[in-house]
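Asks: Those protein sequences? They're chains A and B, same order as listed.
The first sequence begins at 1 in the working numbering and counts up one residue at a time.
The second sequence begins at 1 in the working numbering and counts up one residue at a time.
The set of hints was computed from the structure by calculation and includes no laboratory data.
Note that this is a predicted model, so its numbers are computed, not measured.
The beta carbon of each residue, even a glycine, is placed where N, CA and C say it ideally should be.
Some hints could be false.
Claimed, not checked - Here are the in silico distance ranges between beta carbons for each label pair:
1) A/59 with B/120: 57 to 63 Å
2) B/48 with A/236: 53 to 59 Å
3) B/48 with A/326: 29 to 35 Å
4) B/204 with A/236: 26 to 32 Å
5) A/200 with B/11: 49 to 55 Å
6) B/149 with A/405: 47 to 53 Å
7) A/184 with B/175: 35 to 41 Å
8) A/62 with B/76: 43 to 49 Å
9) A/58 with B/135: 31 to 37 Å
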Amino acid sequence: MGPVRMGVQGEATSEQEGEERTMKSIFFHLMPYRDLPADFEQRYESIWVTPPNSELCDPRKVAQYYQWNLDELELADRLGFDGVGVNEHHQNGYGFMASPNLMAAALARRTPNDSAIMVLGNTLALYSPATRVAEEFAMLDVLSNGRLAAGFPVGTSMDVNFCYGIAPTQTRPRFREAEELIIKAWTQPGPFSFNGTYNQLRYVNPWPQPLQKPHPPVWLAGGGSVETWELAAAKDYTYSYLSFFGAKFGRKLMDGFWAKMDELGVERNPFRAGFAQQICVSETDERAEKEYLEHVTYFFNKCLHIPPYFFEAPGYRTRRSTEFAIKTDQPGAIAAAAALEKNWKVLNEEGFIIAGSPATVADRLIEVAKTLRVGNLHALLQIGSMPHELTKKNITLFAEEVMPRIRGIWDAEGWTHHWWPAGAAVRSVTAPSGAQA
Amino acid sequence: MTTTAPALPAHVAERIVEVGPVRARVLVAGSGSPVLFLHGAGGLFWDPFLESLAAHHTVHAVEHPGGAGSDEALAHLPGIWELVLFYDELLDVLGLDAVQVVGHSFGGMVAAELAANSPRRVSRLVLIAPIGFWRDDHPVPDIAAIPPDALPGLVLADPSSPLAALLVPPVDDPQARFETAMRMASVLHFIWPIPDKGLSRRIHRVSAPTLLVWGERDALVHPAYAEEFTSRLRDSRLEIVPGAGHLPQLEQPAVVRDAVLGFLDRAPS
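Isolated chain A (complex conformation) (with noise of 0.2 Å):
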């Protein structure tokens, strides 16, 4: 493990931070129960919130996923990804990681390559007091010599009001009054007192505070809520777009999203935005659909079985937030995303899958990209009941012949990527194949 890139007092010397100008790709894992019985969709009413542990949730399976699961974030590392990805969800049949942070920590110990760990992120408003959040993050950032992103999403209706019983007109003011409180307690000297609605502690004082000066950078990541986006700008964090729908979908929302930037004078640096793709990468086009087409469907079918009520308890989205959503159509268009049939032609043409030959997927990736101005690619590369082997030759194809392809994507606009963890490796000068596997 190298030395971690930054001064006493924190700053990245310019000329680091020279280098920090290329696409990012982060290999993120949900990890997904790859077994679900074969008519899951409709027997049960949800893969959230309701599906019957004892009944559905073999812990012996979960063993070996779990396995699986950090075999394949390591060999993303050892390959040359510049993160690997993890994050939180509860009583999730598609992502069973409720601690995101034991996976975080078990990474810190097992990427020798450096790269950023994501923890995209902690539910803030879950955590009462949230200065737990505040500790194992730190605890995180130091594990890994100053290589933690730390995401702070608001949470989903179904983590955070379903599962985990905040009301849902508490959402929002529990996730700002933690990030503010997170974010003292990482710089401000301790002791101190918080006299919060939520958070109410006479002596804050967490040990340590991170490694990286004055914070590990901050990641957002949400569904298109306007003050999410005005949090982004006024406190300069990152904004990852996390849907299934792919770029077609995610492009009216980024636009959103950059025009409120422009509206508040924010610079068009892409590294401040991020996008989550579905990508399945073969020797040919074809090949890739014989492959793939099965764990992606399975992905969309059963994975996305979800009731509308579960996705939106009223008051999970405020009154300004509603009338942004009706007024650019969000129901109506994830009503029709959710409505197509989901077959090879179709995840393709629309985008929630970019699949094909190495040559298709670069192309493709380039093109959403630029279309949503984004410099960090969440790429989901383990979707669905996709197998160990099958999964670990498609981080194998990215990492080797997609990665190269797209890392100088923005080099013509000269940005500088100021969000990135200072403790992680920089690969701009290092060609995948060089990396030590």
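On the provided structure of chain A, position chain B as indicated by the hints.
Replies: Just chain B now, with coordinates in the frame of chain A:
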């Protein structure tokens, strides 16, 4: 105010009053001794039940705060304690020293809380299918997680009744759906995730004679919950309404009207 609400009849006045920092909308009609009406999660509508009350009383039907206005009202009222104080202050603003209170469902829970907090202000209490307790043997369904097509079956004894159309806004009207969601949100704010916020610790303070009205076939709040109230109240009686679900005052209007009007005190208080 809402896209789904029909225009108010001419004899019903709409008042907007300031209660501290919160603006409250109150529908006022009729004459006689004052009755405060508190509605349930469906929202405030001038319906035949209110019309029948207004034939003998001055009805003050209050829109629950946060449903129709901005998000700020709820920020001022983070919990049931502040909500009860809001209603106590509203009575001051309306110039009502003492009042009879009728509440339905969530409004019944708030009415019971108000009567427990301010026993000298509430002279008589009518609770129609109130929430406020939790029993593991009859869990109250999660009203945020009911498929729209299943709602009439839980709320109404006869799901094919024309009342079913009032429960769910049209699918193709996002604005109406939004207003419905906001009304629901302002109620869920106080009862999420389980509608037991400690009424059992306070209800012994209620001194008002209380009439409980329950639909025999209420599938949302099981009639077994009536015991939770009658066993704790000093002076209560229970009217079970056959052929009614969770909206007995609209499903069996004559029975409920007679029971409620027969119970309320018509002399000016």
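Asks: For each hint, tell me whether it holds in the structure or not.
Replies: Each hint, compared with the structure:
no.: 1; hint: A/59 with B/120: 57 to 63 Å; result: holds (58 Å)
no.: 2; hint: B/48 with A/236: 53 to 59 Å; result: holds (57 Å)
no.: 3; hint: B/48 with A/326: 29 to 35 Å; result: holds (32 Å)
no.: 4; hint: B/204 with A/236: 26 to 32 Å; result: violated (55 Å)
no.: 5; hint: A/200 with B/11: 49 to 55 Å; result: holds (50 Å)
no.: 6; hint: B/149 with A/405: 47 to 53 Å; result: holds (49 Å)
no.: 7; hint: A/184 with B/175: 35 to 41 Å; result: holds (40 Å)
no.: 8; hint: A/62 with B/76: 43 to 49 Å; result: holds (45 Å)
no.: 9; hint: A/58 with B/135: 31 to 37 Å; result: holds (33 Å)
Checked against the numbered hints listed earlier, the structure breaks hint 4 alone; every other hint is satisfied.
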